[in-house]
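Engineer: Residue numbers (numbering that gives the first Met the number 0), protein chains in the order written: chain G, 0 to 229; chain F, 0 to 542.
For the record, the hints were derived by calculation from the structure and aren't laboratory data. Just so you know, not all the hints are guaranteed correct.
[Stated by the list, open to error] Below are the DSSO-like pairs computed for lysine-lysine, each with C-alpha atoms no more than 27 Å apart in a straight line: (1) F:Lys116 x G:Lys21; (2) F:Lys520 x F:Lys305; (3) F:Lys376 x G:Lys203; (4) F:Lys376 x F:Lys400; (5) G:Lys203 x F:Lys171.
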Amino acid sequence: MGEEAPKLDMSTFLLSSIHDMKNSMGVMAAYLQDALSDRAETAPEARRNTAQALYEAKRVTDHLVQLLALYKIDQAFYPYDPQDHALTDLAQEAMGRVVDLAEMRGIELTSDCPEALYGWFDHELILGVVVQALHNALRYANSQVRLAIHGHEAGVRIRIEDDGPGFPDFLLAQGNALERGIRFETCSTGLGLYFAAVVAGMHKGAGHVGRIHLENGGDLGGGIFMLELP
Amino acid sequence: MIRPAIPDLSAKHILIVDDYEGMRGILRDILGRAGATRIAFATDGREAIAQLERHAFDAVLCDLHLGQGMNGQQALEEARHRQLLQPHAVWLMITSEKTAEMVTGAVESRPDDYLLKPITETLLFTRLARQMARKQALAPIEQAMRDREYLKALNLTEARLAQANPHAWDLKRLKAELALHTGNHAHARSVFQEALDLRDLPWARLGMAKVHFLEGQYEDARQELERVTKGNRAYLEAHDWLARTLEKQGDLEAAQSVLVRALLTSPHAPLRQGHLGEIAYRRGDLQIAARAFQRHVELARLTPLKGPDPYLWLSRTHLALLDMDGALRPLHELAIDLREDGIARLLSRAMEIPVHYRLGDRIRAEAIAGEVAGNLKAQANELPPEALLDLASPLMEMGDKDTAEALLTSLVSNNHEQSEYLERAKAVYTQAGLGEEGSEVVDRATQAALDTMNQGVKLAREGKLDEALELTREARERIPNNPRLLLNHAYLLIAWMERYGRDISIAMEARRCIETVRRLKPSEKRAGELLAKLELVGNDFGG
Chain G
0 MGEEAPKLDM STFLLSSIHD MKNSMGVMAA YLQDALSDRA ETAPEARRNT
50 AQALYEAKRV TDHLVQLLAL YKIDQAFYPY DPQDHALTDL AQEAMGRVVD
100 LAEMRGIELT SDCPEALYGW FDHELILGVV VQALHNALRY ANSQVRLAIH
150 GHEAGVRIRI EDDGPGFPDF LLAQGNALER GIRFETCSTG LGLYFAAVVA
200 GMHKGAGHVG RIHLENGGDL GGGIFMLELP
Chain F
0 MIRPAIPDLS AKHILIVDDY EGMRGILRDI LGRAGATRIA FATDGREAIA
50 QLERHAFDAV LCDLHLGQGM NGQQALEEAR HRQLLQPHAV WLMITSEKTA
100 EMVTGAVESR PDDYLLKPIT ETLLFTRLAR QMARKQALAP IEQAMRDREY
150 LKALNLTEAR LAQANPHAWD LKRLKAELAL HTGNHAHARS VFQEALDLRD
200 LPWARLGMAK VHFLEGQYED ARQELERVTK GNRAYLEAHD WLARTLEKQG
250 DLEAAQSVLV RALLTSPHAP LRQGHLGEIA YRRGDLQIAA RAFQRHVELA
300 RLTPLKGPDP YLWLSRTHLA LLDMDGALRP LHELAIDLRE DGIARLLSRA
350 MEIPVHYRLG DRIRAEAIAG EVAGNLKAQA NELPPEALLD LASPLMEMGD
400 KDTAEALLTS LVSNNHEQSE YLERAKAVYT QAGLGEEGSE VVDRATQAAL
450 DTMNQGVKLA REGKLDEALE LTREARERIP NNPRLLLNHA YLLIAWMERY
500 GRDISIAMEA RRCIETVRRL KPSEKRAGEL LAKLELVGND FGG
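Chain F on its own, in the form it takes in the complex (with noise of 0.2 Å):
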C-alpha cells in the first residue's frame, strides 16, 4: 500500500468555497483525478450560501478564512441553521493550523472534519472518502433530528451501537447529546461515565459538568468544569459554560474573568461577547460592557440570528455612562439592520425614551411615548423582559401610569417563578411613590398566574381534560411566554392525545409550547422529557 484507493466521485456534487482562485484549481484537480465533474465554485460566503440554496450538494469544501465579509464558520452556520445541507452532505472546512475552535464545539457549529493544509491528493481523498461513509451511516438519525424524532434517532443510534462498526464514539457521543436533549440525564451521564473510565477525555468531562449544570448541582460542575479549562485554554465551550456556572453561583467576578480568557483565544463568537457584556453590565464595568456589546452586534451582524437585544444592551449600556450619541446609535442601527422585524423596529423607537427622559429631554421622551404607548401595550407580551423594565420606569415617572402598569403586568405574567423581576416591577412603582399600589399589581398577576396553573391542575385530576385544555389555552393567550404555563398547557394537549389518539394539530400546538420553553429557558429539564413524551403519544416507530 502506498497510494491509497482513490475514491469515486463522479457522481458526486461538490462545492469548493475559496477566495484565492489558486486553490480553486487545486481543489477541482484533485477532485477531478477521481473522476468528479459536477464541481461548483463560490469565492465568499454569500456565493457559498446562493449555490447551496440553488442545488443539492454531497460535500462541500470551505476555507475557513475568505477575506472580507462572512467566514467559513460563519457560512457552515448559516447553511446547517437554515438546512442547507442534505442530511448526508460533508462539510470539510480547510485551514492552516489547529485552533481552539475546533475543538469539542457544539455539535451543529462543527464541520464534519477539518483539513489542515498544505492539502495533498491522499489528505483530501481518505478524509472526503471516510466523512461521507460515516455521514451515509448517520443520514438516518440526522433525518430523525430533523425532524425533531430525537428518540427514534436514539433508538436508531442504539440499533447501529449494537452492531460493530467504525463510528462507535462517534454514536456514543451523539447518543448522549439525544438523552441530554431529551431531559434522560442519566443516560447521558452514564456514556459520558464510560468515556472518562476510558480515558481524561475533555468532551466528556465537559459532557459530565453539563449533566450537574442542569441537575442545579453547580458546585460539581464548576470542579468538572476547571478541571478541564485549568488544564487547557482552547476548550472554550467549557470557559463558556464555567461562566455560567460561577453566574449561577454569584461569582460574577470569577464569570467575567473566565469570559476574557476566553475571548482571548477566540474574540469573533457574538454571543460570548454578549455574555461578557451582561455580566460585566451587572458588576458595574461599563466600558469593558460597551465594548464587549459593540462586539457583539458587529459579529451577530453577519449570523442568521441576529436578534435586537444586543443593540439594546449597547444602548443601556451607554445610557447608564450618560452618553446620548452612544445611546441613540445602536438604536438607529438596529432599526436599519433589522427592519423586516416590526418588534425590533417598535424597540429602536421606543427605547429612545428612557434615553431622552435620564438625560433630561422630558418633552421629547413623552412625545415619543404618546406615540408608542399603543403599541407597546399591544405587543407586550413579544418584548424582552429588560426592555419591559426600562420603559416602564420612565413611563411610570412622567405619568403614563396605565402604559406602564400593561408593561410590568405583561413582564410579572409571564414570568411570575423569577422573584427578581417580580422585585424589580415593584421598584418601579416605589421609585415614583406608589409602593402600594406596586405590589398590589405585581401580587394580582402573580396569583392570577398560580390560579390558572391550579385549576388546569386540578381540572386534570378530575379528569376534565378538555375544561382544563380550554383554560391554559385560552391563558396562553393571554401570556404567551410563562413557561411553566407552557409546560402545563403541553402536558394537558399530551395528556388529551393519549386518551383520544394523535392528532397532527394537537401535536403541533404542543410542539410550539415547548419550543418556546426551549429558547426562554433552556436548561428547564421537563421541556425534555415533554418532547420525549410527545414523541411517543401515538406513535410507533419500531425501534
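Excised from the complex, chain G in its bound form (with noise of 0.2 Å):
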C-alpha cells in the first residue's frame, strides 16, 4: 500500500450504518407486529415475549433515529424547521405509535389536548422525543400512561405521566443537570435524555427557550416526563 492509501473516513460508515441499521428494525418491527395481529395461535407467553421483541425493536430504531438527528444538528445541517404546529395533531400522531403497544402490554392510554392550541416547534423533532417519552411510560407502567398537552405561558406544556415506579434517582439527577445546562460527556443511558434535552434548547423564541423536566409522583404516581415550548 502507498502512502496515499484512502483514509478512513468513520463519519461515514457510521451514517450508512446507521441508516442500514434503521431500515433492518422497521422490517423486524413490522415482522413482529403482524405475528401480534395473528391472533388465533399465540400463547398468552409467546405473545407477551412478542410484544417485549417489537417494544425492543421500537426502542432501538427510536435511538438511531435520534443518533442521526443528533449528530446532523452537531455537524449543523439538520434542517431544522419551526413552525406553527396544532397540538392536537401532533398528540395524535403519536398516540398513533404507540397506541398498539399499549393494547399488548394492557396499558390504558389516555390524552388529553385542547383544541386550536398551536405552537411554534419542528415536528418531527419533537414527535421524536414525545413518541420516545410515551415507549419509556409504557415500559415501566402498571395500568396507566397519560400524555397531558395545555398552554403555559407564551407557549405549550408537553406532560406525559406514568403509574409505574417513578424515574429512579441518578435519572432525575441527570435529567435536572441537562435541565440547567450542564454537558454531560461519559453516560451510558442517556442517549434519549440527552436527545430531549438537545431538541428543547433548540426551541427558542420571545426570550425563553424550550426545557425538560423529570420528576416523580403527579396524579399518576409515577414518572413525569414534561416538555416546555417557548
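Need the complex rebuilt from these two chains, each delivered in its own frame; the hints are there to steer you.
Structural biologist: Rendered as C-alpha cells:
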C-alpha cells in the first residue's frame, strides 16, 4: 500500500450503517407486529415475549433516529424547521405510534389536549421526543399512561405521566443537570434524555428557551416527563 | 381519544406512486380502511405523469425514491409545471428521513407535506385529512394564481386572514410571496418582520434577504443570508441566494465555495450545478466548471425545463480546455435531446464554428458558417447572448463581417443597458483590427434603442398613445428581448386600456411583454408592479 492510502472516514461508515440498521429494524418491527395481530396461534406467554421484542425493536429504532438527528445537529446540517402546528395533530400522531404497544401490554393510554392550541416547533424532532417518552412510560407503567398538553405562558407544556415506580434518582439528577445546561460526556443510558434536552434547547422564542424536566408523583404517582416549548 | 377519526375517502380519487409493490399494497390497505375505492397505481415517475395526464386526482401519495429515472421530486415538479394537478389536489411525499431538500425550498417545488416512514394508519389519516382541508381552503387562491391574477389572490388571502383560521402562517407566507411577485416589497417586508419578531425563523430571514436583494441592498442581503447559512447548511435555498448576492458583490470565490457547500448537502439540483459552472468558468476554474455543467446536463435531461444553455456551457468549457471531443459531444447531445426545438438544432450546428476555428480547422469552420449564416442572421434575436458573442468572434475573423455584425447588433439592441455586453461586442471588432468600426456599430445600435424609448415616452407624454404604441410595437418586432423596451411597451398598453377600456388582446400582449422580462431579468421590480397594474385595469374583482 502506498502513502496515499485512502483515509477511513468513520463518520460516513457510521452514518450509512445507522441508516441500514434503522431500515432493518423497521422490517423486523413490521414482522413482529404481524405476528402479534395473528391472534389464532399464539399462547399468552409467546405473545408477551413478542410484544417485548417489538418494544425493544422500537426502542432501538428510536435511538438510531436520535443518533442520526444528533449527528446532523452537531454538524449543523439538520434541517431544523420550526413551524406553527396544531398540538392535537402532534398528540394524535404520537398516540398513533404507540397505541398498539399499549394494547399489547394492557395499558390504558389516554391523552388530553385542547383543540385550537398551536405551537411553534420542528414537528419531527418534537414528535421523536414525545414518542420516546411514551415508549419509556409504557415500559414502566403498571396500568396507565397519560399524555397531557396545555398552553403554558407564551408556549406549550407537554407532560407524559405513568403509574409505574417513577424515575430512579440518578435519572432525575441527570435530567436536572441537563435542564441547567450542564453537559455530561460519559453516560451510558442518557442518549434519549440528552436528545430530548438538545431538541428542547433548539426551540427558542420570545426570550425563552425550551426545556425538559423529570419528576415523580403527579396524579398517577409514577414518572413524569415534561417538555416545555416557548 | 386513542384512535383518531378516520376520514371519509370514499369519493376521493387517489394515486399511489411507489416502485415497491409491498409498499403500494400497504398504502392501498390503509386507504381502503377509510373507504377509498378509486385508487390508481404507478411504479415510476413516467407512469405517474401518464396517470396524471389522464385523471384528475384529489391526492397523490408518492415515494421520493423511485429507483431508476425520475424521482418523486422531479415528478412533482413536472406535474406542477404542466398543471396536471387540480388546485385542491394534495401531494404527500413519502421518505425515510428528513433532509435538507425538505425545508425552505421554493413554494412551487414543495410537496404539501412529507410523510416520514414508517407510514402508519394514524400518520397517513391525520396528514391527509389536514392537507385536504388546507388545500380545499386555499383552492380559490391557488386558482387565482394559476389565472395569474396575483392581486386577486392577495385580496383573497387578506380576506381569509381577517377570519380566525388554522392556516394563518401559511397564508401570511403566501401573502408575502404574492407581494414580492407584484413588486410590493414593503408589504412583503412587513410580513417577514412580523415573523422574525416572533421567532428566529429561517424562512422569514430568507424572505427578508430576498427583499434586500431585490432592492439592490446586497450587503444587507448578505448579512441576513449568512445568519441563516452559518447556523445551518441544510438551508439550501438560502445558499443559492447567498451565492447570487456574493456574485453581485463581485466575490466570485466566496460564491463558488457557498455553492460547493450546498451541493455537498444536495447534489441533485440542476440549476445549482449550472450556477456553480458559470461562476467557476468566470474564475477560470475550468475543471470544476466542466464537471458542474456535465451534471447540469444530466440532471436537466429528466426535467421539463431543459434548454440549450447547459449544453452550450459544457461545450464552451471544453473548448477553453482545448478538448475538441469534449466540446463537440454536448453539441451532438443537444441536437438529440432537444430535437423538436429549432433554435437548439441551429445552435448545435452553429456552435461547432468556434470549436473548429479555435482548434485550427478553419476550412471546416468556414463550411459550417456558410451553411448556417442565413439562419443565424434571421434568428439572431432568439439566440442566447453568450452564444452570439461566441459566434461573432470567429465569423468576424474569418471575414464574414456581415453575419457577425447582424449578431452583435442584435446583442446590443436587446441589451443596451448591459455595459458588459456592449464592451464585449466592441472587443470582437477590436480583435479583428476593426476597433473604430466596432465602436460605431455598437454606439449606433445603443443609440437607436435609446431613441426609440425616448420617442415613445415623449409621444405618451403628449397624449399621443396610439402613435407611441405603434412605435414601440414596431420596435419590439425588431428587438423582441429588450427588457426596457418591453416594460415601456407594456406600460403604454396598460395606459391605453386605462383610457379606452380593457381589451383582451391588448391585455395578452402586455402580459407576454411582462413575462418575457420576468424570464430575462427575474429581479426587475417594475415587472411585478406592471403585472399588478395590468390586473387592475378595467377589472373589478371586489376583493
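Engineer: Can you give the numbers of the hints that this structure goes against, from lowest to highest?
Structural biologist: 3
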